[in-house]
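Respectively, the protein sequence lines represent chains H and Y. The numbering of the first sequence is our numbering, which starts it at 5 and goes up by one. The numbering of the second sequence is our numbering, which starts it at 5 and goes up by one.
Just so you know, these hints were derived from the structure itself, not from any lab. Check before you lean on any hint, since a few could be wrong.
Which copy is meant is left open, because identical chains are indistinguishable; a pair holds if it fits in one copy or across any two.
Said to hold, decoys possible - No farther apart than 20 Å at their CA atoms in a straight line, the calculated lysine to aspartate or glutamate pairs in the DMTMM-like style are these:
1. K435 with E329
2. K454 with D186
3. K132 with E256
4. K435 with E232
5. K435 with D445
6. K435 with D458
7. K132 with E150
8. K132 with D98
The model shown is predicted, which means the values in this text are computed figures rather than measured ones.
There are 2 protein chains.
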Amino acid sequence: MSTAAASSPPSRSTAVDELVARLGDGVVVTRPETIEAYRRDWTADASAGMPLAVVRARTAADVQETLRWASAHGIPVVPRGAGSGLSGGSLAVDGGVTLSLDRMNAVEIDVACRVAVVEPGALNAEVKRAASEHGLWYPPDPSSFEICSIGGNVATNAGGLCCVKYGVTTDYVLGMDVVLADGTLVTLGGKRLKDVAGLSLLKLFVGSEGTLGVVTRAILRLVPAQPERSTLVATFASVSDAARAVVGVCAEIRPALLELMDTVSVNAVEDYRAMGLDRSAGALLLAQSDAPGAAAALEIATMEEVCRQAGTTECFVTDDADEGEAFLTARRAAFPAIERRGAILLEDVGVPVPVLPDLLAGIAEIATRHGLEIPVVAHAGDGNTHPIVVHDAASPASVAAAHEAFGEVMTLAIGLGGTITGEHGVGRLKKAALPDQLGPDVMALTRRIKDALDPQGILNPGAIL
Amino acid sequence: MSTAAASSPPSRSTAVDELVARLGDGVVVTRPETIEAYRRDWTADASAGMPLAVVRARTAADVQETLRWASAHGIPVVPRGAGSGLSGGSLAVDGGVTLSLDRMNAVEIDVACRVAVVEPGALNAEVKRAASEHGLWYPPDPSSFEICSIGGNVATNAGGLCCVKYGVTTDYVLGMDVVLADGTLVTLGGKRLKDVAGLSLLKLFVGSEGTLGVVTRAILRLVPAQPERSTLVATFASVSDAARAVVGVCAEIRPALLELMDTVSVNAVEDYRAMGLDRSAGALLLAQSDAPGAAAALEIATMEEVCRQAGTTECFVTDDADEGEAFLTARRAAFPAIERRGAILLEDVGVPVPVLPDLLAGIAEIATRHGLEIPVVAHAGDGNTHPIVVHDAASPASVAAAHEAFGEVMTLAIGLGGTITGEHGVGRLKKAALPDQLGPDVMALTRRIKDALDPQGILNPGAIL
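The whole structure should be built from the sequences, with the hints applied where relevant.
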């Protein structure tokens with residue numbers, strides 16, 4: 005596709021004029037300085053394209069109008085939420101329009117039905133806050149929950165820390181309005197909790213990364229407020245011991261959170277901000293129980309016993325909420341701590357829980373071979389890990405090694421019966437590896453669905469496929 | 005489509021000969037007496053067609069071979085599990101073949117990964133039993149769990165009693181092998197717990213009722229064994245009071261089970277087998293907590309208080325497992341009890357929980373107007389109800405009234421923001437009402453997916469669409 009601006013064919017600028025005429029100048033942004041802010045997501049990928057314009061939709065009708073226009077002209081549309089994506093799913097494309105949903109951010113709580121009716125631009129944290137005012141809770145909690153949007157969460161089927169007990173985004177989406185490529189708005193599902201009438205189209209759109217339609221409203225299931233959490237922190241001599249504890253814990257109870265940090269990430273956090281973590285630990289497990297009342301102590305005791313049997317070197321428990329939160333803060337500090345060590349490529353590979361030790365050993369080998377540091381933090385209870393490939397952006401050799409290592413980690417995960425992405429999505433950054441995981445027949449099936457729903461290929465081209 | 009046997013065109017019997025040659029005589033059943041046993045499901049619909057043959061597949065390769073053959077000849081294939089379906093999803097079609105998966109019933113438990121790897125013909129109860137041998141639990145529990153197959157559960161996205169806390173079948177399907185219309189076998193998902201690589205094709209096949217492919221293997225998530233359950237039984241003067249208690253309970257805790265019986269079904273059960281239920285009650289709620297240890301008593305106390313505030317006329321609690329099971333037996337006795345009162349048409353409508361009273365009042369009005377009895381039992385915590393239209397099969401007027409009432413109940417549910425089916429599926433019995441719920445645009449979208457995956461329309465034609 006040709007780049008926009010001066011070099012774009014005249015028909016394109018005529019098309020943009022038509023879009024402005026349809027939607028208004030305040031909705032269609034064409035100022036290059038403003039467009040610039042909408043070109044990239046958190047991957048900060050330098051290869052992001054230059055869009056003709058950014059549409060900042062106010063209503064579902066604006067979204068419909070944009071897609072009718074795009075269909076008529078065959079112009080690509082990249083839907084965009086808060087721009088916090090980690091796999092390049094909302095990187096702008098040359099000659100397309102970026103359709104930002106950031107203005108559509110209404111949140112309405114239906115207390116009796118225990119659902120939130122949410123526009124896609126609302127932040128995850130805003131939904132949580134609105135629900136909590138009524139003693140309700142929206143569980144999915146990506147680490148970025150304060151700044152990521154529900155639209156993006158639905159598009160990527162986002163996960164988080166509490167998934168190990170409470171599931172991921174798709175488990176909470178009861179209904180949605182979605183605008184199809186031709187501008188048709190369809191309503192799927194609703195406020196009922198169980199519904200098997202017709203194909204599971206709702207579930208197909210969750211995780212489709214803007215390639216099948218644009219979600220303009222989501223109906224999200226809420227549950228009663230989470231009870232107080234008790235916390236356990238256990239250190240282990242090796243990642244393999246810690247992984248055995250993870251398998252053991254999940255066979256006995258359903259912890260509310262079960263995170264792992266390897267020794268490199270523990271030390272990165274300590275370098276960044278001394279938090280008193282044991283630098284000599286081969287791995288650290290952070291677990292929580294939110295079982296009601298006295299049952300939390302029971303679950304914590306169970307986990308402590310499992311950790312002892314797996315050879316924990318030190319085990320600390322607390323039911324003080326602030327103390328527990330301090331450990332979570334240390335865990336969340338891993339990303340900024342590691343970012344201080346160099347440029348990063350963030351992985352999201354997942355494997356069956358019992359092969360976590362093999363995955364982590366393999367990653368250590370890849371790091372050594374390429375002379376790179378690859379610290380790992382993990383939603384260990386789900387087998388979902390975030391190896392972080394640290395490198396020197398100023399050194400072409402380091403950048404090349406990092407990209408090689410990035411690919412090798414995905415290949416390793418696939419070889420272990422795992423996935424290249426557990427919660428971030430494929431986007432544009434991981435799509436080269438997708439056929440290696442899915443194989444030609446599943447790729448062909450994916451293409452048939454895509455072609456059936458977006459025959460012109462205007463919806464987020466270059467993402468996933 | 006023409007009927008088989010003598011009137012079928014010669015090409016059909018040649019085609020069957022070819023199928024026998026490909027699969028063997030022991031796999032392809034052509035004896036009319038044997039075929040008869042595979043023509044209907046529990047709906048016992050007299051309009052079931054006459055298939056050319058029944059294939060009793062032993063392996064996924066048999067399924068592939070059958071579909072390659074069917075594609076080559078353009079012959080319809082009706083997949084069939086245990087034949088316990090309640091909406092006619094596996095009724096045979098004239099001139100087609102019924103593809104029975106009853107021989108493929110292997111169950112393998114991977115303890116470390118906490119998954120069951122299951123062939124489609126295995127019964128739900130067999131999976132539960134195999135899991136329990138390792139201290140694990142497969143939660144989805146249709147009332148028919150002792151006799152329904154996992155393949156059918158996946159095909160209908162089956163629910164049950166514990167869904168209110170533990171979710172439905174789709175929440176437990178981590179992976180599957182599925183044979184497409186042309187015989188291609190694809191593997192989706194796997195033993196990893198989180199996976200967002202590519203479109204959610206896995207979730208699309210769950211609940212597709214055999215119209216998109218034939219599942220030959222499912223990987224099912226298991227959780228730790230359910231703790232002991234405590235039970236609460238509360239009676240109310242009216243269904244509306246009981247429904248207020250349901251809303252109140254679900255706003256505070258997540259009960260492990262929350263069932264409702266209306267006064268007609270309570271009396272039907274007492275007529276059938278005296279269980280000491282209060283015949284004068286307007287409605288009865290049956291709830292359980294499985295919170296660990298002392299927390300169960302806490303949850304039961306919370307539910308008791310909510311029931312008192314909603315005006316319960318009597319509230320009984322027990323943590324005796326046998327006593328709790330006796331009440332569940334009474335609840336499960338509702339179907340046989342009601343079947344003794346006449347021929348039945350079984351509904352599966354669902355609504356948002358707060359409008360349950362409106363749904364039940366509307367059903368009572370429909371019953372009165374048609375001079376029919378329509379008792380209701382409900383998975384109340386999910387808003388999923390089973391009104392049962394009792395009628396006299398020997399009276400054409402009664403049969404006509406029952407079918408009218410059946411349709412009116414679905415229309416009522418749709419009008420209340422609900423669904424025509426919460427867990428049984430659309431099959432052939434409810435498909436006339438599906439467009440009323442989904443509307444033309446969603447029907448068109450459904451058709452596009454169907455055509456993309458089954459362009460010849462050979463997979464379970466007449467179901468859903």
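- request: Give the relationship of K435 and D445 under a CA distance limit of 20 Å: within one copy only, between copies only, both, or neither.
  value: Within one copy only: 16 Å inside a chain, 31 Å across chains, cut-off 20 Å.
task: Go through the copies and call it for K132 and E150: within, between, both or neither, with a Cα cutoff of 20 Å.
output: within (10 Å within a copy, 40 Å between copies)
task: Using 20 Å as the alpha carbon limit, work out where K435 and E232 are close: within a copy, between copies, both or neither.
output: Answer is neither: 40 Å inside a copy and 46 Å across each miss the 20 Å cutoff.
task: Go through the copies and call it for K132 and E256: within, between, both or neither, with a Cα cutoff of 20 Å.
output: between (29 Å within a copy, 17 Å between copies)
- prompt: Within a copy, between copies, both or neither: where do K132 and D98 come within 20 Å Cα-Cα?
  reply: neither (36 Å within a copy, 53 Å between copies)
message: Cα distance capped at 20 Å. Does K435 pair with E329 within a copy, between copies, both, or neither?
response: Intra 36 Å, inter 52 Å, cutoff 20 Å: neither.
task: Up to 20 Å between alpha-carbons, please classify K435 paired with D458: within, between, both or neither.
output: Cα proximity of K435 and D458: one copy only (19 Å, versus 27 Å across).
message: Checking an output row: K454 and D186, CA cutoff 20 Å. Within, between, both or neither?
response: both (14 Å within a copy, 19 Å between copies)
Of the numbered hints stated above, those contradicted by the structure are hints 1, 4, 8, listed in ascending order.
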